[in-house]
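Engineer: Residues per chain, in single letters:
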Amino acid sequence: MKKFFAQTYLWLLLALLYAPIIIIGIFSFTEAKVLGNWTGFSTKLYTSLFSGGVRHSLLDAIENTFTIALIAAAVSTILGSIAAIGIHNMRGRKRQAITFLNNIPMLNPDIITGISLFLLFVSLGVTQGYATVVLAHIAFCTPYVVLSVMPRLQQMNPNIYEAALDLGATPFQALRKVIIPEIRPGMISGFILAFTLSIDDFAVTIFTIGNQGLETLSTFIYADARKGGLTPELRPLSTIIFVTVLLLLIIINVRARRAARKQENI
Amino acid sequence: MVTNNDTIIKIEHLSKAFGDKVVLDDINLDIRRGEFITLLGPSGCGKTTLLRMIAGFLKPDSGVIMMEGNDISEVPPHRRPLNTVFQRYALFPHLNVYDNIAFGLKLNKVPAAEIESRVRKSLKMVSMTDYEDRDVNSLSGGQQQRVAIARAIVNRPKVLLLDEPLAALDLKMRKDMQMELKQMHQELGITFIYVTHDQEEALTLSDTVVVMSDGKIQQIGTPIDIYNEPTNSFVADFIGESNILNGTMVCDREVEFIGHKFECVDEGFGNNTPVDVVVRPEDIYIIANAENAKFTGTVKSCIFKGVHYEMFVETDNGYELMLQDYNAFEVGSTVGMFIKPSDIHVMAKERTCNTFEGKMLSATTVEIMGGEFHCADCGLAEGESVYASINFDRVELLDNKEDGTVMGEIEFILYKGNHYHLTVLTDSGEKVYVDTNDIWDKGDIVGISVDISDLHISKRV
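Chains as they are written, first to last, in our numbering: chain L, 1 to 266; chain D, 267 to 727.
You may find that some hints are simply not true.
Said to hold, decoys possible - Here are some chain D residues the structure puts well away from chain L; computed CB gaps all over 12 Å:
#1 N349
#2 I367
#3 R417
#4 L435
#5 G506
#6 D532
#7 Y551
#8 F595
#9 E596
#10 L627
#11 N657
To be verified - Under the rule of at most 30 Å between Cα atoms (straight-line distance), these lysine-lysine pairs were calculated in the DSBU-like manner:
#12 D/K482 - D/K387
#13 L/K177 - D/K387
#14 L/K262 - D/K390
#15 D/K606 - D/K667
#16 D/K375 - L/K177
#17 D/K287 - D/K325
#18 D/K325 - L/K94
#19 L/K177 - D/K482
#20 L/K262 - D/K682
#21 D/K566 - D/K625
#22 D/K682 - D/K667
#23 L/K177 - D/K325
#24 L/K94 - D/K287
#25 D/K448 - D/K482
#26 L/K177 - D/K424
#27 D/K615 - D/K527
#28 L/K262 - D/K372
#29 L/K177 - D/K372
#30 D/K606 - D/K625
Hints in this document: simulated from the structure, not taken from any laboratory. Glycine included, every Cβ here is placed at the ideal spot set by N, Cα and C.
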């Protein structure tokens, strides 16, 4: 009996969590303009989303979102990995302090990060647009990369860097041939994390995107919703993004589990 | 075996401190080309620090390391013609056995065909042929260490550094590897610098042993010298089993200890000089017939140790000696013993009492070891610099550390047959030597106090 309630509770919770997204998924396969009306199965919304017949601005927003995410994730992966190696080589108090400073931006509400970046760009007189969004995304993604690379460095045998130097590698060669291969799994997880965070972001983006007509997906949907009524094509789009993120998460988890299993075998 | 006397590495006045802690204190050492030299000492003695400096991972605070006549102190590790075998192997986990070994050769742009033949040759040398494609994580500890050795020797270094390479292996494997290392050293003909805390390993492998303690070299010599002629009680205690006893040199070739006078071979200490006497347990001959013996005793314990029996005997004058003999003697039985003159090793005492530099705080108080001690009025004024001396057996150690005038930690314990000789490190960083019958453990924190009548003050000029 106890088990029955526990099971019911679990499934109820999962249903509540996933109901909205499942509903959008289901209604993405019908043509009705209003969400909730089922007018028969159709994939027309999917085709019109990609044929671009409906709105060019939506496709532009999607493209912007993904290119910004790619650039931000790539740059923050590089910056974050270098920072992690630096922090790892610090000792005692200094290391604690820097780790603490790295954690603050992650706990800081996005809206605060957004406003402060907005004020920074304004006070520096920078015209806001594509570049400022990318910079802002790099800024809030980098700490997450640091966080996902650090455990790899801690697991590493501290002597292997010295072993590489001992065998004739310059410090840079040792970094490239020994340290990076060792922390690569952490870097990949960090990249994926940064990528999804960037795609997902609204609060920071809206404050740094400027008024030059640039849109990302989140700002486009926000504007669209305020104009009254969501464009029906957002339904298939949401579904596609959800599935993409789901796949990425599965990849991260499978990788983590594989790494853990490999660790056990050693 | 050493074939010549030319020096490959010369270390001069090398010192290093981490913060306040001095880990190497004015090290001077010559390493000859082709020799197997071992840095031996307890953990924290500075041996690994010295090795890491030779490898280039640490920079000395002062002093130089010369290799073949060139100062290499400032040369980064990747440009030094030597290779290291690390304690925890430090293989590259993302590379297989072949690529691990070929790592150094590839960096040096050695042609592929030569890399192949050299890797195979060094794998053969460590008996790991056919393991090229294996993942290093799937290898056992012993196999990983073999790969680590192959990875180092494949580069044909002039000097091979080994940092406790066998410490993580089990006893049987360690013995096998010792023999293989020794053989490898002969085949390669290069200089091996080996770090270990295992004295047996050091004696087995080395041409030269360097015994270290407290960041200083205590003795340099062949294994036989180190064993038979230790220079001080630390070396005597650290290398093998030994009975270390207080004695007095009566005159040349005659020494008194455990309440008896013995003929010995040592000269030049001066008459009636206090000395330390070392007698190895296997050098005390034991017979059942007590009448013809030099001295007698009662067997207190007898334990079978494989080849021999190890016995503790209480002598007629109340000293406890450790003996080893092929025959067992019954516990409680009276036995006779004698020692050959050449088996008695006499060492000059490093000190006969504690001496501290201090300052008078008033006519009857003196500041020494970072604390205020009361002393008898000796007519010296406040602020005068003085020496204070205290006999070993007059220092009082207290369980409750707050009860003492100053605090200290027991650093080293030496059994002297009928009492313990302790080295206590005070909070002020000074060493106090204490003779006591009480049993303390290494690392105990104790209070130190001295009775007013036991503190002898003299003016420092």
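Engineer: Can you name, in rising order, the numbers of the hints this structure does not satisfy?
Structural biologist: 1, 2, 3, 12, 15, 19, 20, 21 and 30
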